[in-house]
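Student: Each chain is listed here by its residues.
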Amino acid sequence: MYFVLTTLLDGPMHGHAILKGVGELSGGRVRPSVGTLYGILERLSERGVIAVDREEVVNGRSRRYFRITDAGQAVVRAEARRMHAAAALVINRATFAG
Amino acid sequence: MTPLERRYRRLLRAYPHDYRSAYGDELLDVLLESAAPLRTVPEPREATGLVIGGLRERLTRAGRGSSWANGVHLGVTALCAAQLAALLPYAPAIPLWTSLSALALLAVLRGRVRPALPLVLLTGAKAVAVASGEPLFDHLLLPVEPGFLTDAPLFALSEPPPVATDYALALGGLLVLAVYGRPLTPRSWWWWAVVPPMAWAGPAWMESGTVYPISLSRMAVELALLGMALWAGRLSHDPRWALGATIYVTVASARLWDHAADLTRQHLAYWGLLVFLAGATALVPFGHWRRASTPRLD
Numbered sequence: 001m002y003f004v005l006t007t008l009l010d011g012p013m014h015g016h017a018i019l020k021g022v023g024e025l026s027g028g029r030v031r032p033s034v035g036t037l038y039g040i041l042e043r044l045s046e047r048g049v050i051a052v053d054r055e056e057v058v059n060g061r062s063r064r065y066f067r068i069t070d071a072g073q074a075v076v077r078a079e080a081r082r083m084h085a086a087a088a089l090v091i092n093r094a095t096f097a098g
Numbered sequence: 001m002t003p004l005e006r007r008y009r010r011l012l013r014a015y016p017h018d019y020r021s022a023y024g025d026e027l028l029d030v031l032l033e034s035a036a037p038l039r040t041v042p043e044p045r046e047a048t049g050l051v052i053g054g055l056r057e058r059l060t061r062a063g064r065g066s067s068w069a070n071g072v073h074l075g076v077t078a079l080c081a082a083q084l085a086a087l088l089p090y091a092p093a094i095p096l097w098t099s100l101s102a103l104a105l106l107a108v109l110r111g112r113v114r115p116a117l118p119l120v121l122l123t124g125a126k127a128v129a130v131a132s133g134e135p136l137f138d139h140l141l142l143p144v145e146p147g148f149l150t151d152a153p154l155f156a157l158s159e160p161p162p163v164a165t166d167y168a169l170a171l172g173g174l175l176v177l178a179v180y181g182r183p184l185t186p187r188s189w190w191w192w193a194v195v196p197p198m199a200w201a202g203p204a205w206m207e208s209g210t211v212y213p214i215s216l217s218r219m220a221v222e223l224a225l226l227g228m229a230l231w232a233g234r235l236s237h238d239p240r241w242a243l244g245a246t247i248y249v250t251v252a253s254a255r256l257w258d259h260a261a262d263l264t265r266q267h268l269a270y271w272g273l274l275v276f277l278a279g280a281t282a283l284v285p286f287g288h289w290r291r292a293s294t295p296r297l298d
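Protein chains in written order, with full-length UniProt numbering: chain A, 1 to 98; chain B, 1 to 298.
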């Protein structure tokens, strides 16, 4: 979910672009299947952290573009701050620097 | 249509029909865009993702509406499926009662509580009468011999109390739902698929000579359903699945209690698994509430 929301900070995207974004952000470590990705998108939509921005028809098939909401931006930033604080506990120790 | 598209379309059937109508093409578009060129068979992880995603979507939809009413409906559905399974092997001898039991399951599946009530009452009264060896409504020759799926006569291994408990709980649940009065969401047609394996007395896994044998097929169906209830409870953080599981396990426990003196270690392991899964299904929503005090992206 974190990588999906972080990807959407760059603007509205459709499913395939989100998949590519997640792969790039995670250095290829996170590669959700399409079924898993759409399960995540449905749950994030229900929680109101993302919303459908628009729909387009490409090759005769409808395609939803998702965008992160204000609530979603607040959630992902809070999560980033929490992880940053947790990482700082280790990084700021003198023994780690040495 | 390419072979890959055809295979992905088949896998997309795991999703509910209306979800597939709305978003099936969109998922297919992403699947085909993500596939390697010249690929004709879906990647295993994509196939698994679609099956799990479809099941998750179905469970999410099944978890809408009033939690307790849906939980009671789920429990009554499982009981009616098991009641039909108990009569199914004897359909050639008692076609009327088997048909009424099938109609009861149909009414319950469609959420039609009022038509289901008299059907369950009638079949229940007849079932208790057969288990007691008493005539009721018609002159049925006892014992009722099976036509297929099993060798034992009808209710040869059951005393009247557990049979009465089974139908009384189903009736009680239906009465509660009738008083509730609001429309119920119809349940999946897949419930019909659990009836034959629950009715089948094989494969035998308990030692020969066991007084109260339970077939491997029945046990597998029950454990699979309870496992799905546990997964659904974990997904939805909702107690309805636990309520349905508890209703079913109560009846299963009553059946075992009836044979308390004859139970083997295999029976106790089976009962332990049923109770463990029902208990775990009841606990998973509480785990979520405890974690909810610290919002996280998990």
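No lab work stands behind these hints: they were computed from the structure. Misleading hints may appear alongside valid ones.
[Unchecked claim] If you only want the chain A side, here are some residues facing chain B, beta carbon under 8 Å, derived: (1) M13; (2) H16; (3) S62; (4) R67.
The C-beta atom is built at its ideal place from N, Cα and C for all residues, glycine as well.
Student: Check the structure against each numbered hint from earlier and tell me which ones fail, lowest number first.
Tutor: Violated hints: 1, 4; rest satisfied.
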